[in-house]
Amino acid sequence: MQRSSRLKRELSLLATEPPPGIICWQHENRVDELRARKFFCCSGGEGLLVREGRGRRSEKSFQLQEGRLRYPFEPPKIRFLTPIYHPNIDSAGRICLDILKPPPKGAWTPCLNIITLLTSIQLLMAEPNPDDPLMAEISSEYKYNKEVFLLHAREWTEKHASQ
Numbered sequence: 001m002q003r004s005s006r007l008k009r010e011l012s013l014l015a016t017e018p019p020p021g022i023i024c025w026q027h028e029n030r031v032d033e034l035r036a037r038k039f040f041c042c043s044g045g046e047g048l049l050v051r052e053g054r055g056r057r058s059e060k061s062f063q064l065q066e067g068r069l070r071y072p073f074e075p076p077k078i079r080f081l082t083p084i085y086h087p088n089i090d091s092a093g094r095i096c097l098d099i100l101k102p103p104p105k106g107a108w109t110p111c112l113n114i115i116t117l118l119t120s121i122q123l124l125m126a127e128p129n130p131d132d133p134l135m136a137e138i139s140s141e142y143k144y145n146k147e148v149f150l151l152h153a154r155e156w157t158e159k160h161a162s163q
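FYI, UniProt numbering numbers position 27 of the sequence shown as 27, with every residue one higher than the one before it.
Simulated from the structure, these hints should not be mistaken for laboratory data. Wrong hints could be hidden among the right ones.
Quick list of in silico lysine to any residue cross-link-like pairs, SDA-like style, CA-CA up to 25 Å [claimed, not checked]:
id	residue 1	residue 2
1	Lys101	Thr119
2	Lys77	Ala92
3	Lys101	Asn113
4	Lys77	Ser5
5	Lys105	Gly93
6	Lys77	Gly93
7	Lys159	Cys96
8	Lys143	Leu123
9	Lys146	Arg94
10	Lys143	Pro133
11	Lys159	Ile22
12	Lys159	Ala126
13	Lys101	Pro133
14	Lys105	Gln122
15	Lys77	Ala15
16	Lys159	Arg35
17	Lys77	Asn113
18	Lys159	Asn129
19	Lys77	Ser12
20	Lys143	Arg94
21	Lys101	Thr116
22	Lys159	Glu127
23	Lys146	Ala161
24	Lys77	Cys96
25	Lys105	Phe73
26	Lys159	Pro130
27	Lys101	Ala136
28	Lys105	Arg79
29	Lys159	Asp90
30	Lys159	Glu137
Please take these sequences and the hints and turn them into a complete structure.
Shown next as structure tokens:
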């Protein structure tokens with residue numbers, strides 16, 4: 001019951017006061033699966049302006065799973081649906097971010113919420129952490145050849161985020 005009321009409050013807050021540049025909604029009216037869309041796609045601090053009318057966007061899927069893994073006591077399972085060229089996001093859309101992992105290896109606490117997660121992911125997209133990568137080759141490119149990294153990020157955005 002407490003979980004349900006907290007989630008309803010968070011969904012209401014997301015509808016009325018979403019993080020800047022992000023919208024979030026229930027997928028197919030399921031309370032255990034949320035989707036979010038970011039309209040300003042950043043890579044390495046260099047923003048690629050995304051206009052809603054052109055259809056370019058990054059989409060994340062959030063699954064607030066029932067059973068053993070329960071939000072807010074454990075972090076939700078979050079992944080990108082749109083392929084992202086980023087050192088901290090792998091080809092399956094999984095995100096390397098400490099607050100998405102429970103202790104002792106992660107920094108998740110029940111006082112964190114979905115808005116905090118969306119904002120943290122947005123910051124990670126703008127400022128990758130090449131010292132804790134999921135994609136070593138992309139991380140190396142980001143660290144040692146940023147121009148090539150930005151070129152590849154733009155190409156991926158054009159190819160994958162315009163569907």
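*Which of the numbered hints above does this structure break?*
No numbers; nothing is violated.
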